[in-house]
Each structure stands twice: as C-alpha cells, then as structure tokens.
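Student: Just need the whole structure built from these sequences, with the hints factored in.
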Amino acid sequence: MSQATFRGGVHPYEGKELSSELPIKTVMPKGDLIFPMAQHIGAPAAPVVAKGDKVLVGQKIGEASGFISANICSSVSGTVKAVEPRMLLNGSTATCVVIENDGEYTGIDGLGQDRDYTKLSNDEIREIVKEAGIVGMGGAGFPTNVKLAPKQPDQIDYVLVNGAECEPYLTSDYRQMLECPEEIVGGLKVILKLFDKAKGLICIEDNKPEAIAKMEAAVSGENRIAVKVLKTKYPQGGERTLISAATGRKIYSAKLPADAGCIVDNISTVIAIYRAVCKQTPLITRVMTLTGDAFQTPVNVDVRLGCSHAELVEEGGGFKQNPAKIISGGPMMGFAMFDLNVPVTKTSSSILAMTEDEVAQNEPTPCIRCGRCVTVCPGNLVPQKMAEAAMNNDYDTFVSLNGMECYECGSCTYACPAKRPLTQTFKQARQHVAAQRRKK
Amino acid sequence: MSNLLNISSSPHVRDKSSTKSIMWDVFLALMPATIFGIYNFSVRAKDINAVLLIVVCIATCVLTEYIWQKAMKLPLTVSDGSAALTGLLLALNLSSTFPVWMAILGSVFAILIVKQLFGGLGQNFMNPALGARCFLMVSFAGQMTSFTYDGVTGATPLAMIKNGSGDPQLIDMFLGTIGGTIGETSTLALLIGAAYLLYRKIISWKIPVCYIVTFAVFALLFGGHGADMGYLAKELCGGGLILGAFFMATDYVTSPITPKGQIVFGILLGILTGVFRIFGASAEGVSYAIIICNLLVPLIERVTIPVPFGKEGIKDGK
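These protein sequence lines map, in sequence, to chains A and B. The opening position of the first sequence corresponds to residue 1 in my numbering, with each subsequent residue numbered one higher. The opening position of the second sequence corresponds to residue 1 in my numbering, with each subsequent residue numbered one higher.
To be clear, the hints were calculated from the coordinates, so they are not data collected in a lab. For each residue, glycine too, the CB sits at the ideal point set by N, CA and C. Just so you know, nobody snuck in bad clues.
DSS-like cross-link-like pairs, simulated, lysine-lysine; straight-line CA separation at most 30 Å: (1) A:K419 / B:K70; (2) B:K201 / A:K419; (3) A:K231 / B:K260; (4) B:K16 / A:K419; (5) A:K231 / B:K201; (6) A:K250 / B:K260; (7) A:K151 / A:K60; (8) B:K260 / A:K427; (9) B:K201 / A:K250; (10) B:K16 / A:K427; (11) B:K16 / A:K16; (12) A:K193 / A:K119; (13) A:K151 / A:K119; (14) B:K260 / A:K419; (15) B:K206 / B:K162; (16) A:K250 / B:K206; (17) B:K20 / A:K419; (18) A:K427 / B:K201; (19) A:K231 / B:K16; (20) A:K419 / B:K73; (21) B:K20 / A:K427; (22) A:K419 / B:K206; (23) A:K231 / B:K206; (24) B:K201 / A:K16; (25) B:K260 / A:K255; (26) A:K320 / B:K16.
So, partial list: chain B residues that the calculated Cβ filter (under 10 Å) puts toward chain A: (27) Y252; (28) P306; (29) E312.
Tutor: Here is the structure:
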C-alpha cells in the first residue's frame, strides 16, 4: 500500500536501531542547572528571581516578555547561584539563571496533582499552557499558547500530532509513543477541546509499526482521533510536508498551519500540554536520545531542563572513542556543537556523537547540474540556481528564485553528488534577506 | 574534553553517490554499445581502427585535460571520469574508418575548446563530444560521412531511406549489424545501457521520451510515408537518435535542470531532428539538434522555474 507523503525528499541512513529498543531512563542532574532565558523563538524571558533566592521545582524563574515569548520554570529545587550571561549551544551568550540543586526536588503547590481539563474553560487551558512555558519541542521552539490561539479557532479542521520523527537516529518521540501513549492521547484531547470541529490525527511514519500499533490501540474508542500512517521519507515531519501528506492541504512561507485549518504539535509538546493541564506540571523535563557510533551505550533519557550536556554524556557511558563531531539534534538539521558545557533546553532533542564526519571527508567539487537537488527539494525549488545566486551575493535573483521558500531541510545538500554546501549558502542568504527586510 | 570537534552547517550526512560514481555509471551504461561496436567493426571486419579510435579518443581527452590543468595550475579532475566519458562518446560518434589523427584533433577540441576554455566541468554550454563531432564534420566532411561495413563502403541506412538507394532491414538496424558510426548502430545495445541509467536514476525519462515521441510524431506528419510504421521504426532505430536521446541529450551540464524545461528541451530536440532529417540535405540531424538546443538551455530554464510548494495557483508570486 502506498502511504501518504509528499514530492521529493531523501532516504538517509536511519540509524534508529542504535537506540529504538532502549527504554527511556530518567536522569537526575548532579551539577548546577543553567536556564537560558532565550530558548524559544521570540523575545527572551525576563528573569524573575535574583541571586540567593530559594526556588522550587516548577517555579517560574523567567517571565515571558512579549506576545511571542515563553516562561521558564525551574526543574529542580535549590538556590539561585547567579543570573548572568552564559554560553549557549550555538556559541552565543545569553542571560541565564543558574541554580544550585539541593537534591530535594521540593515542588510548588499542586505539582503533579491531577486536574480535570473538562472543567476548564478554553482560555484557562491556554493560560495554563502559557504559564507552563510550553514551546514547540520539535526544534522550532515557537510558543505553544500562541499556536493554540489562532485568529479563527472555528476554522481549525485538524490537530496534527507530529510523530513522524523523520530525522535519522532520533528515537525520543518513538519511545514516548511506546511508553506513554495515553499521555499523548490525553494531550491531544486537551487541544481538541479548544477546537470543536477539529479531528485529531497522530501522524507516524511507516518505519515505526510498533508505535503505530500502540497509538492505534490508545485511540480506539476515541471518535475524534485517528492514527495517520505516512511514508518514511525525510523531511516527512516538516510542518509543510506533514500537513500536505496528512490532509492534502498546502501552505507556503507566508502562511501559518492555521491558514490551512491545521494545528501541528510535536509528540513531546503534546505530552507537555497534557502534563501542564492535567498534572499541573510545567515544562521542566524532556526526552532526549543519546546516540551515534561514538557512544559507549546509546540511551534514551528523560532529562531535567538546564542539565549540562557534558553530564549527560556520562549517561551514555561516555565515548568509546573520540567523536569527530557532536550534533545537537538530528544529522539533517541538527547543530554541530563545539563545547559540551552548555545546558539542555526545551528544544534539545539529542546528542548525536559520530566518529566520522562525512562533511569533512567530502570536499566540494564543481556542480555538474545533475538536478538531484531539484528532484529531492520538497519545496519544489531549484537549489542549484539558488546556490549560484547566493554565492554571488545576488540576493534579488535568490529571492526571485523563491529562495525564501526554502526551510533549510538539507535534502539538496544530502543528495548532491558534488558535495556542495547548498543549504549553508541558503541559510546565509536567507538571513541576509530577512535582515534587509527588517531594516525597511 | 580536549580533542577538537568538527563544526559545520547542517546537514551532517551525505549521500554515497558522487560525480565520479555517476560518470562511471554512464561509462558502464555505454559498454554494451561499445563492445558491440568493437565486435561489429573490428572483430568481424578484422580492422583494428575502431578499437584504436576508442582508445585514442579516451586517452587524448584525459591527457588534454591533465596537461591543461597542470599548465594552468588548476585542481586536477581527470579522476572524476568526465574527460574519459567525453572521449568514449566522441569515438562512438565516429565512423569506424575515421583517421586516427583527426580523432586526436577532435578530442583536443572537445576538451580544450568546448570544455576547459569555458571553465571546465559543469561550465561548458555545449556537449563536448558533440561539439567536437560537429567540428570534425565541417572540417573533414568526407571522412566523417564515409562508412564501411564488412569491407563495403556504402551509405548509412538513413541515407539509403532518404535517397531511395536501398532498403535496409529493420532487424539489422535494431541489432546493429549494419553500417554507421561505431556506437550508434545497435539500438538493442543502447537500450540496455539506457535501461541501466534509468534504473539507477542517473537520467530521468523526460528528455529521451519527449525527444523520441516528438520526433516520431513529426516523422509521421511530415515524413512523406503516411502512417507507415516500418518507415517510422527505421527512422527511430537509424542514425544517432537512440544514442543521442539517452546519452547525449541527457548530459547534465548541457540540458535543463528544471523538470518542465527537460520536457520543453525534449520536444524541441524532436522537432529540430525532424526538420534536419526530413527537410535538410543530410539524412542525419541528431548532433546539430542537440548542440543547438544546448544553446537554448539558459532560456528554457528561465521560463520553466517551478512553482514552489504551496504556491500553486497563486498569481502574484509574492
């Protein structure tokens, strides 16, 4: 049977078998916890604690400072050691709240206690999601409460739960589908309460039959929820490709999913919504995959936010040999790290440690115009021409070739036989064009 | 951690295929036609010239590229196989009795003039092998159009059909046991190679299918033989059509990169080949059709930029 999908895309080595059978292990942090105030799209949060303050698990330590912004809550109890700039994963520095863990894990009032979401109004639910500091945990980090408040809520026909997990190596969403399907369904039901007309679709790629079976069992008896099986292909879990495959509707850069009547949330985000609304627990943990051939023992972990990456590496048994490259996130869109002494944030999905760096092993050679970039581009673009324009700093041509429609999935660069860094040139050009537009 | 980590922009993984692997795949796909050509023109006719042409063209192309890049202090790229491929394609486009020194001249022209002077791999605006073939055609028309088969010098099947001097058998034209250039005679051998390229997704169906179908329609309409399928089949099997459609028109560098552009390119090729073969002085038209269409590629691409995902039916383009 041919499954729903999109045009283009690539099939990189999946690597999921390294960690797909390993249950999620809960990890308690040992060292200090660092909470960057900027770990979402939008304005950084403003710290609401000062050095010396005592904090509890779940306590708000950073307050959203604008419409597109998010709260930050402490994942441990302890003492605020500092509020100062610290280095983030991408090498930039930002204001962070540093908390010394007292190891007691004393929670705020009501933390973890049941709450009946059916007794809450829609506005109350949105407020709880906002207070909990929930953002898109698939990587974008867009504040979820904003997503849940579209201009025309009655126009929403679908709530899509993104369980495609199309990035190679990552298994955190997969493990969560196997281990806590009821929380996913619970979170989805909370979202569906906000949108009376909408149908809930849990979207999973067909390389995860066990997850499909688990989720199908979990949604049996739910008349507004179904499992949608999608073809395994990268970037199936991209917002635009997911919406198109699941609903047949299409959006482009200037449109939001809500314009196509869709709300899209990642598996982890939906679980976070469930915990915030039904368990009175703000976003203070997340599931990560520690994997790659450099790890002694790959593992899926449930981590307290703010924990250092260096500390987590020990959970994977350390490295069996020196990694050539360490990536935060998947190999297609993840970020290459140069220092592990940076904290886990809401959007950290993995530590991928590889003994070989395929990028360094492949020198770019001249473009032979083979057109593979055109064939694989899910955005129906012409990366070869865009790259030519971008490398010549010809931004007008770049824009006229629809360069701003690129969402940097990396398929073209992956497929390029000449090993040219296409996506990199697009990132640079897109940033330049976006900056120019802001100036106007 | 003390060791240094590699840093680069995503993605961090790469597909296994490379320029080199693609070139060698095309080389491999040409092997059935090459081996048949050697059998047909060297083994059967006991004439070493066809083998010599193949070896000399490949060697000259590779050597020319090597010397040029050495002299110009450019990165050496002969190992990518593109120069060797040009040499093979040129040899397959020559008559089995073609003088070797002229073939050397053609090979140098292909690599030096058509390819390297315009910037090397990926920058040439015209297929180097066909550019050289046309250069040889205008320079040495006699030798280029003199074909010997089984020791008998005669016209190519297409020429016989055109001037009515003979009636070649379709089965000979399909199998290739007939006169012509070294690599073009066996439709069967070429189709085996083409199937391999399609299977390996080295080429897409768009250019060859649009080319051949358009040419067939053109030949039926204007060929003057009405709906004579025998005539049509011979036109398709004869000359350089199959070799050109699958191996030369699909040359990455000199064909459109846009999917719609490839369809337009194929149709134009079909029409031009039809015009040259039916209304032109020569019975052949594939080489000229391809190099003329090569020149139109930038224009074709300009008007065939695809509509981005999600913008179908949106007019303003903003």
